[in-house]
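All chains, please: the whole structure from these sequences, using the hints.
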Amino acid sequence: MRKEGPEEHIKSKVSASTLKRILKFFKGHEKAIILAILAVILTTALNATLPLVFREMVDNAIPSKDLNLVFKYASLYLVLLILFGAIQYFEMIIVGFMGIDIVNNIKNVMLKHIMTLSISFFDKLGSGRLISRIEADSQKLFMLFSSIGLSLLNGILNIFIAVSIMLATNVKLTLFVLAISPIYLLGTYLIFSKMRPMFRKERELYAVIVNFLSEHIKAIPLLRNLNNLNWSRKKFHKMNEEKRWYEFKIYIMEQSIWFVMMLCPQVVIALILYNAVDWIQQDMITIGTVWMFIQYIQLAIQPLIMISEQIRELQRAFGAADRIFEILDTEPEVKDSDDPVTELNFSEKIEFKNVSFQYEPDKPVLKNLSITIDKGTTVAIVGATGSGKTTIISLLSRFYDPDSGSILIDGVDLKDIKQSTLRSKMSLVLQDIFLFPGNIMDNLRVLRNDISEEKVVEATKKMGIYNYLKSFPQGFETELSEDGSNLSFGERQLLSFSRALTFDPEILIMDEATSSIDPYTEAEIQRSMEKLLKGRTSIIIAHRLSTIEHADKIIVLDHGELVEQGTHHELMKMKNLYANLYWTQTGIE
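Those letters in the sequence shown? Residues 0 to 588, by numbering that gives the first Met the number 0.
Please keep in mind that the hints were generated in silico from the structure rather than gathered at the bench. Fair warning: there could be bad hints in the mix.
As the list claims (entries may be wrong) - Lysine-lysine pairs mimicking BS3-like chemistry, simulated, CA-CA at most 25 Å apart:
| # | residue 1 | residue 2 |
| --- | --- | --- |
| 1 | Lys414 | Lys352 |
| 2 | Lys19 | Lys111 |
| 3 | Lys424 | Lys414 |
| 4 | Lys414 | Lys374 |
| 5 | Lys23 | Lys106 |
| 6 | Lys111 | Lys414 |
| 7 | Lys334 | Lys106 |
| 8 | Lys574 | Lys552 |
| 9 | Lys454 | Lys424 |
| 10 | Lys23 | Lys111 |
| 11 | Lys106 | Lys200 |
| 12 | Lys234 | Lys123 |
| 13 | Lys334 | Lys111 |
| 14 | Lys19 | Lys200 |
| 15 | Lys366 | Lys348 |
| 16 | Lys366 | Lys552 |
| 17 | Lys334 | Lys123 |
| 18 | Lys334 | Lys417 |
Structural data, given as structure tokens:
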């Protein structure tokens, strides 16, 4: 399989094209957006009214000592606060549901697209990174789709209204407030332009750790057996330390910026209070107006702080969006032709004509390979590790396309056959056995309800394992844990064989199918397979050459080239590579 390093970083900037693509996800939620915007306008208006009511109470109601007037203004203030809270609650419910819906839709879109991509894509990205993209990165967009946009609108409206009222009331005091705005603009710029690349790298480090954990947790039994758990611990510790120190660096930078930004309004309020003493004594301003200004400062500063915080989250969200769109922009390398063959009646042969293939540049795996597999025959492919055996299976299944040459079924190039049509003719048994959490019946029919239980039972009877499966506590309804870990390896392979035969394929492919089965189980399988393979086109890759002695043809590969082919007896008479391999394994000449 092709292996490459971590994916390259893409440019960290908020582009108009990225924003435009993000906005498309809001489609279908126009009603919720309109209601939320109306709620923002109402809450902004109510919030701006509160300082005015407070000023009237301080300047007029309290000095008059009229308890009814004080109660009137106090009640009005309380009602406005309750109304503000209720509308804001309504707003958050609307945008919260919208955000959850959009994020879940993104996850579905991503998974649907990922399942169309070629196998080479999965070679490049580990499962941990893909899980991080689908789950963690999508979740990072929740704030963007639920509150960031409305918070920015709310902040801008609050600033505009607060500054307008302050200017209309007292220009001199307003200038005190506006004097700190450059500091907030600078802080916003630093967060917006300088820290986004750091947030993106933080997500990359997270993805690397998730990928490491997903692989190493599964390997704990092996690591224990090799007495090498410390190696895994040290590697994880090193990766975790790198992420910890990088997060610490981000945290220090963020808190330093926030310290300055939070200190500034307090300095301004102190200056206003200091100067207000003389102004009040000179009747230039009232106490209520001073407190109104302090409230409007909070009303104007709070949105600035909020906007800066939202921009920080916006940067993280755009970093996640970059990674999501990077996947959605990935095209499958193996595609159906414009007018593919949708019906295939396999009746003659499979041909590899001068096929060459490489996973990495200048490292050929197959070199000008030409072989023929006649319908109804059993063909075995043998060779040393790295000789290209599994690659032949991958090319025949069209997980990849050859770099040169062609693969044909009855004279039709695989590239001209619809992929789903091609794969409907095949069943594939790999060395790595994939079993899903669920019961045995669901695993045997791969969760396809169109396959009847009777057909599954018939396949298990042909394989000779029906009674064995029925002996389980719940029979075919017995639940399997992840990867079938509550079964032995031999039991999992037997299930894998039965699953392949459930689909009654015309072409049966087995890669290393019997390499890990004990001799007794292997003998049982061999007896069943002799009957089942008759009249079926079968391609077998096995290290145990004793299991393929009765194959109609044995193809021998060496470093990606065809070096021998024939029956077992013919190859043994040649006394070349195959004979040497056989003698080495069995000790029989």
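- Against the earlier hints, flag every one the structure doesn't satisfy and list their numbers going up. none
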